[in-house]
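2 protein chains.
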Amino acid sequence: MIRSTMQRVPLSINSLVERAGKLFPQVEIVSRLPDKSLRRHTFADFRRRTRQLAAALLAAGLKKGDRVATLCWNHHAHLECYFGIPAAGGVMHTLNLRLAPDEISWIAEHAQDRFLIVDDILLPLFRQLKVGFEKVIVVPFSGAPVDSAFLNYEEFIQKSAEAFSYVPHEEDDPISMCYTSGTTGRPKGVVYSHRSTIIHTLMANQPDYWGLAAGDSVCPVTPMFHANCWGIPYGCVMMGIKLVFPGPHLHPEDLLALFQAEKPNFVLGVPTIWLAMLQLLENDPARYKLHAGMKMLVGGAAVPESLIRSFAKLGAEIRQGWGMTETSPVASIAYLKPELRDVAEDERYRRFASAGVPVPVMDLRLIDENGKECEWDGASVGELQVRGPFITGSYHNVPQEPERFTDDGWLRTGDVASIDAHGYIRITDRTKDLIKSGGEWISSVDMENLLMAHPAVLEAAVIAIPDPKWTERPLACVVFKLNKKTTPEELRAHLSSHFAKWQLPDRFEFLDAIPRTATGKFWKLKLRERFRPAAAEKN
Amino acid sequence: MIRSTMQRVPLSINSLVERAGKLFPQVEIVSRLPDKSLRRHTFADFRRRTRQLAAALLAAGLKKGDRVATLCWNHHAHLECYFGIPAAGGVMHTLNLRLAPDEISWIAEHAQDRFLIVDDILLPLFRQLKVGFEKVIVVPFSGAPVDSAFLNYEEFIQKSAEAFSYVPHEEDDPISMCYTSGTTGRPKGVVYSHRSTIIHTLMANQPDYWGLAAGDSVCPVTPMFHANCWGIPYGCVMMGIKLVFPGPHLHPEDLLALFQAEKPNFVLGVPTIWLAMLQLLENDPARYKLHAGMKMLVGGAAVPESLIRSFAKLGAEIRQGWGMTETSPVASIAYLKPELRDVAEDERYRRFASAGVPVPVMDLRLIDENGKECEWDGASVGELQVRGPFITGSYHNVPQEPERFTDDGWLRTGDVASIDAHGYIRITDRTKDLIKSGGEWISSVDMENLLMAHPAVLEAAVIAIPDPKWTERPLACVVFKLNKKTTPEELRAHLSSHFAKWQLPDRFEFLDAIPRTATGKFWKLKLRERFRPAAAEKN
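Chains as they are written, first to last, in our numbering: chain A, 1 to 539; chain B, 1 to 539.
Bound-form chain A, shown alone:
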């Protein structure tokens, strides 16, 4: 039997650290501190400090596979954790600082986190946690002295020996973990490996996707605890791309000031951030400006077409797609395929606002209610299922749940979609958010997008309300823009351009805000709790 002659060298993120330090020693990593000043490091510093962190963790007794939690904003030290914890053989577990203290405690307990690295300005949150860590290492982010009850991150890494050897590993060994922010049920842990991370990074930085290249400069507004910041930190270290971290300052004014100062040409974040920034840019165009050619990677929740159009008018290109913590997360990207180059603007934007086209080195299928594969005809609707080397096949330390995985090993994403003949995915709903009225499905996502295209509407969320005659009926929750207002009648008329009469909501609720999950998604569970009869809650 013939065998491949190729070397069996394990894929490893460690080699990225060495390469970045040697090839890109001058490229900058800029962090905004709590006092809004900027701290500057280089990739040479990054390599040195990452190795120091790894050496210090080993000296502190870290054993292979031990979890080291982080409770941090986006900054240079968090990037060092991304690589330094795995360099020591540990598993970085990013804790979501937007969750309730009890939930963080539950997650840290479930993951059996041994050490914690925490920002000094997050110590008030830390003190509310009901979980013990063997060592607590505090990043002196604000510059204030660190309480002697804790280890000071800077002293901790300075003390480590010069010599450091990466802890040997196999490519399937874990490097990081992240808990999904399930809108129902307990959070579940996804554990990434060297292998999944390298393959995902190489794939996601293809020219049609992230497309990060020499001279680019990236500002990740997406939290580093949110699906590994979508994998962007790995891509930047791999290709030697400047990073501009916003620290805790995520208000649009702060971000615009940072963009002005450091001129990133690639930014990423959830739609909420950019919706708020857009209001600022539109309301005070004399004061605030985006520099032209900005690329914006937007995700974590559906991106309204109106947002893409509005930013395009300002010279910025929104690129978005679809993915989940379980998919590393990039699973599809909405770029313009060559056959659609000459289509009319409306059709082009429709594609840009779709969930995009499935990426390679991963398989994706659409399965209908009867377990059959759907046609890619833009009409047939089914559940998205995915399989591949950067897709989770289980959750950490829970019994395998058959409703999350198929018998043949595919992940059931819980997202319901259609795919058109060109391969563009349109998410119509979460399985739990579907509205079935009179035996027909109504897409809450399509309805939300159309509502948000109305000039008076800032945000809209549509939920199903039980109905004795129709099974379910849609209810639309709407938030107005500042100083704007409209009526249910006008909104129904607006919707009737794309929806049949029987599909239109009977009921509108005008709210001050749509409740959101910790990662910025509409929290429909909360809306259902509020507006449905208690007994009718879907579970």
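Check the hints yourself; a few may be wrong.
In this list, chains with the same sequence are indistinguishable; a pair is considered to hold if it fits within one copy or across any two.
In silico DMTMM-like links for lysine to aspartate or glutamate, alpha-carbon gap of 25 Å or less [stated by the list, open to error]:
| # | residue 1 | residue 2 |
| --- | --- | --- |
| 1 | 484 | 305 |
| 2 | 289 | 509 |
| 3 | 130 | 170 |
| 4 | 313 | 147 |
| 5 | 295 | 339 |
Treat the hints as calculated values from the structure; they're not laboratory data.
Got chain A; can you put chain B on it based on the hints?
Chain B in isolation, oriented as in the chain A frame:
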């Protein structure tokens, strides 16, 4: 112990075929036929025909791991072999049609090729082979009837059943093999796997390297038997990129006509092709034109800086690097790092003409005569050694040669180089081509490049001649441009701008052509045979 939750799905080129057929059904694959007409297929055709080829091979008795040789020009059917043979569990072995029949026979015998797929126009070469194949499948490339002694490729694949299932495989299973065109010794086989090919393709198509994106159109002049056409066919199928195959018509006039007709914006080939094309473009600018913005990937031999500058004047960007059959082949690429954006033109071109910067997901080191790692200071010279998942760790079916691999498993490339502080590699020589004079090294490659920058010089090759006093002395073999001429004195004066007096060649030989290997490299062995005393040959 914590484990990664990621799915353990094998990397596979099969998934690229399915994805291309489904996502890019309309993207074209254009082939130039022997009569210079064009045949058009689409990626939908490609998927169907590739599956048909695989089904036909299975029906013909192909077993897992069996070698199927190809003896073909660049065209659609050769692309079908790239994917169809592995789809059936076979290993595609591309035979180099430029080798002598005896050498091809030796290689096919050594690889134990079971079936052969051959172009009808190459049957005269096939008939000179002294090796038996169980089945010979003839591509009716010219359109002439196929001799009934053979199978007709079109009939062979048409007969296959509709239903086809990919033969299951592990990711380390072999998919293709290629023999190195060693300038000394017997050719040696490198065997690639699904894994090495997927990782190499994802890596090589990063934005700073190939950078192939939606709407691009690629013309591979590089033969498909030359290190898998540098991996480009895999990249095009992965990203849905139009392919324009030149068939057997590689003369610059033919290529320019094809470029005019099909407008590829990305072409690839060895320097010889572009040197000849440049003469045409410069001598008759009214008749021949490149369209602006053309990207040219040039490799297989050192690329003179003068070639890069000349094409830049014509609006084309040459991108080149360094690699070998053993490295899949992309190991370094000369792109402009961000810190060099503002350097003077001369310095910029010096980088563009270097072997470039090592790619990620691979380790590269420079080892001196004493086995120590060299500094990256642009001066220290050592052998390039590489390690990684797309680097060969052995050769097919030969005893492991310690002079080709280090004890710790790195490939010894045999290329001697320096690396500057920015990471740019400068190949100074093959280990066998080094010139050691008076205890000091002279770089034959640097001297060749400078000679080729002289307005009268088309090609130059510098070899070492034994010398009783200095150990060795350089001898320069020079080919003049059409209707141009110069003298040894003038060339010595030209060289003295960059070389010390003692380094200048004592002897010049003016030739009609530099002998070349089958893949277009200067064949210095032939020059040494001719100009050195017989007893002094290095081996």
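Hint check results:
1. Proximity of residue 484 and residue 305 under a CA criterion of 25 Å is satisfied intra-copy only: 20 Å inside one chain copy versus 63 Å between copies.
2. Taking the closest pair of Cα atoms, residue 289 and residue 509 never come within 25 Å of each other, the shortest separation being 34 Å inside a single copy and 65 Å across copies.
3. In this assembly of identical chains, residue 130 and residue 170 lie within 25 Å of each other by CA distance neither inside one copy nor across copies; the values are 34 Å within and 46 Å between.
4. Taking identical chains as interchangeable, the C-alpha atoms of residue 313 and residue 147 are never at most 25 Å apart, the minima being 49 Å within one chain and 64 Å between chains.
5. In this assembly of identical chains, the alpha carbons of residue 295 and residue 339 lie at most 25 Å apart whether taken from the same copy (22 Å) or from different copies (22 Å).
Hint check: violations occur at hints 2, 3 and 4; the rest are consistent with the structure.
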